[in-house]
Every structure is written in C-alpha cells, then in structure tokens.
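Novice: Going down the list, the sequences are from chains D and G.
The first sequence runs 1 to 325 under the numbering used here.
The second sequence runs 1001 to 1213 under the numbering used here.
The set of hints was computed from the structure by calculation and includes no laboratory data.
Cβ coordinates follow ideal geometry from the N, Cα and C atoms, glycine included.
Where hints are given, some of them may not hold.
Here chain D is said to cover these stretches of chain G; the calculated rule only asks that three of the stretch's residues, wherever they fall, bring their Cβ under 8 angstroms from a Cβ of chain D [to be verified]:
1) 1066-1073
2) 1085-1093
3) 1128-1138
4) 1141-1152
So, partial list: chain G residues that the calculated Cβ filter (under 8 angstroms) puts toward chain D [stated by the list, open to error]:
5) Arg1077
6) Ile1114
7) Leu1118
8) Gln1155
9) Gly1157
10) Ser1187
11) Ser1204
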Amino acid sequence: MIPFSLQKVANVEDAVAAATAGGRYIAGGTTLVDLMREEVEQPGRLVDINALPLKRIQVEGDDLVIGALVSMSDCAAHPDTQRLHPLISESLVEGASPQLRNLATIGGNLLQRVRCPYFRMLDAACNKRVPDSGCSAIDGYNGGHAVLGTSSHCIATHPSDLAVALVALDATMRVRGPNGERTFPVEELFRLPGSTPHLEHTLQPGELIIDVRVPGGRYATRARYLKVRDRSSYEFAVVSAAAALDIENGTVREARIACGGVGTKPWRMRACEQALAGQPANRDAFQRAAREAIVGAQARSGKAFKVELLPPTIVRALELARDET
Amino acid sequence: MSRDTELGHPWQRNSPPLRVTRRGALQAAASAMAFATTSAPSSQAQQAGASSIAAAENATIRLIVNGQPRTLSVDPRQSILDVLRETLDLTGTKKGCNAGACGACTVLLNGLRINSCLALAAMHDGAEITTIEGLAKGDTLHPLQEAFVEREGFQCGYCTPGQIMSGVACIAEGHARSPEEIKAWMSGNICRCGAYAGIVEAISDVAKGRSKL
C-alpha cells in the first residue's frame, strides 16, 4: 500500500472541501482498503467521513430515508426497513458477510467496484483500471461477467445487491458537492461502460452521498430478492432478481423487477414489468414476461448459461414475491 | 501472499527502487519515530493524483484492547489486524487472506464483529477491541471455547480464533437459533479443514444453553 495521509472531517462542508481539493472519501473502507492493498486504488489522501451525521434512518410520509453512513447491518435490521421495504433488508443480508456488513455503509455499497479478476490484477489488460489497455475478460475467464450493457471495452458486472433493490423500488439519492445539492434516481448513478469503463458513476468531483430515499408503494411488502450463486452464502450473484408485486384479486396491477449479476449496472426490467401488468399472477404469465429480460443479451463464450438462467430466476423471484403475505 | 517485497514482482516493475515498505513503516512506528517518505518522490505517489501528498504521518490513537487502554503511534496504512499482531504481540488473531474474504481476522470492535484486516487502525481512535486473548477469564475458558473443544470445532486451529469471535457475536446478535441460521450467519468465516459441523454444534450448544454470555 503506498503511503497516504488521513484526514478526519466532522461535517459535510469540510468533507466536500477536502474531496474537492483531491481527497478520497473513506467510510467503512471494505472496498477501498482492499483495493489500496492491491494497489489498484492509489489515493494520496483519504478523507475519513465516519463522524458525519449521516447515520439516521427516518420515515418521512411514505418515504424511507436512509443516511449514507448507515451500515449494511443496521439498515437491514432497522424495524422501519423491515416493515416498509423488506426487499431492501433481504438484499442487504444476502450480500457480503456479517463482519463486512458491520463496517460497510449504504453509500459505499453503491460505489463498490467490480469483482472482475483482471481489474484486480495489475499485470492484466483492463480498460477500467488503465484506459485503452484492453479487456482481458472478453476472451478470458468471464463466467461471472455481464450479458447486458456490455461493450467491446468492458463486460464487468456491477456487484451490488442493494443497488438492484433500490433500482427496482425507484429510489432516489441526494448528494452534496462544491456546486450544491442535487437529487436523482439511484438508477442514474451508474454508467454503462461504453468506451469509458474507467468512469463508473455520475458523481461529480467532490460530491458526497447524503442519503437514499425510497418511496412507498403497494408492491413494497410483497417483494423478494433471490440471489442465485455458486455457494449458498457469502458469494456474489451469478444471477439475482428483485421482484415486487401489487396484486389484486389474483391480477398483477403493477410489478417491479430488477436484476443483478447480469448487467454492467443494476438492470431494471421494464419490458417484463409492462408484460405483467393486468396479467394473472401465475407461472405462465411470469414465464412469458421473463422472456423479455434476455432481449439483447450478449452471451459470450463463458456466459451462455447466464442468459438461460436469467428468465427462470425472474420467474422464481416473482413466485416468491407473490406468495409473501 | 505478501506484497511487501521491494523488488521482484511483475506489478512492481515500474516502481522506483526505493519504496517504503509496510514492514519498514511498522518498525519506525514501533520506535515512535516520525515516519517520512523517501526523499525521491515515487512515481506511484505522483500518480495518486493529489497535488499535495503529505508524507504519511503517524497518527496517535488510543485503543482499549481486551480492557486495557493502549496509546499507539500508527502508520495510516496499518490495519487493526497489523496493530494487534505486530505492535501489540497479540497473535491469536490471524491474517488469512488480508482481504475480508476468510474471517480469520475477526475481532469485536465496540461489540461488533468485523474483519480487522480491512479496518485501518488510525480510523478507529478510541475503539474497544476484544480479541480471542480477551475471552478467557484467567484459566477459565469462555463457554464457546469450551464448546469448540467438546464438539471438535477445529483441526489445525488457524481459523479458530476468528470462528470463536464471530460465534460469540453471532450468538449475542440472536442469529444462532437453528443450524441453518448459524450456517448463514457464520458464512463470513471459512475453514479449510472442514470443521464446520463441529463449529455449528459448538455455537448451537452455547446458544441453547445460555440466555446471555
């Protein structure tokens, strides 16, 4: 790990000033310390934001507001999260490990970096780590990589489970930077790799995530997160699906579906949702709708299985959601 | 796998020959000397972006380790794991992967189980830390330690301190109510010897037998 200086800040204004001057925010550090040790990340100055007052979870009207520094554990276990958005609790608990969840924060979870082994290997070509150096994964080991949103420059999957749930639930996020505060959908935080995979998100320099706001909805409590992976715990998703259903008299009024493990960013499945509206909440309808998910999917050598796995994962998640009381 | 060697790894081909290593930094910290970067700025440090990269100054922190207050001068790069093992000579906590993937480094930080390999000591000034060395009371083993012996919850013993610290927290959290729950909530601790069955039984025994530890 190369030497760095560590600056602790006590308020958002000081934090933004320090980051605008070139510092890098650190909260739980579970992504950053790991990557710094691998020298993939080489920040010269870290801005420790753990003292900032961004650790509350509040209910405001129909919205659940989660501070950016709330730990994954605290968010998942919070009675308001469990009551209003069990999908968020489940997506959090399905991720990482208890030890990591005690340190890792909501804001950091959204900004975590990819798990592609070539990204983490300094002697491998990686356009994300070193622009225009090439992509080792495209013709290499890529079974864990994306089938949606890929480009010839990068096929790495976005690893966050929480992000998938928040995208399904139309969550927004508030950030503050040197030019003030702005709010935008969490879905718009993430960039497709295109020809610039080294640019992963849309935060401007110095911008700090303040909180995430999740609106209520009739679908919110009939919701499940299904994570399909090689191990039954402590493993990133091969394919995952967040599914939430508003059902009345056996008919789907509204569906929310987003998937992980398959996209270069969390993937909202709007075509599937539209195909479900007004349909009976049964397997036939779920299967027909789920087929919309793989339109345009790119099954490269190692990943044809993932394209096959995606629709049944969505169907299973929908059935689990439907059967929630 | 140590990245601390100064020469010889392919990814260090572009490194300048003079580079401060973690080991050198720890030795400087242990003797409470101010830590300074080399006089020739490294190209990596220049690539790091900030126009004013201060020399990595030691931070003075206070930790309460197994009930004992300790005042330490630490390099910002030192993890809590590094401080425990190499500065405080508490080698019960193990460095398995140094990446948050194995759980051998699990300790309690302010009562919460964490991977001490990923927690930078300088960011946790004032923290209360409990390690495996802090569980027994004199010669009296902690109930979970006893259960690990009775249920053969270990073979080589390398993952064991982390398993026990994690298990203590797992029980206290209320996540040890069934074998399935224990397996899910102990998934951050891996065991190459495969002693999982004994580990789950040991945790289950203690969880069932006591209302609080």
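Novice: If you test the structure against every hint from before, which numbers come out violated?
Specialist: Violated hints (numbers, rising): 1, 2, 3, 4, 8, 9, 11; every other hint is consistent with the structure.
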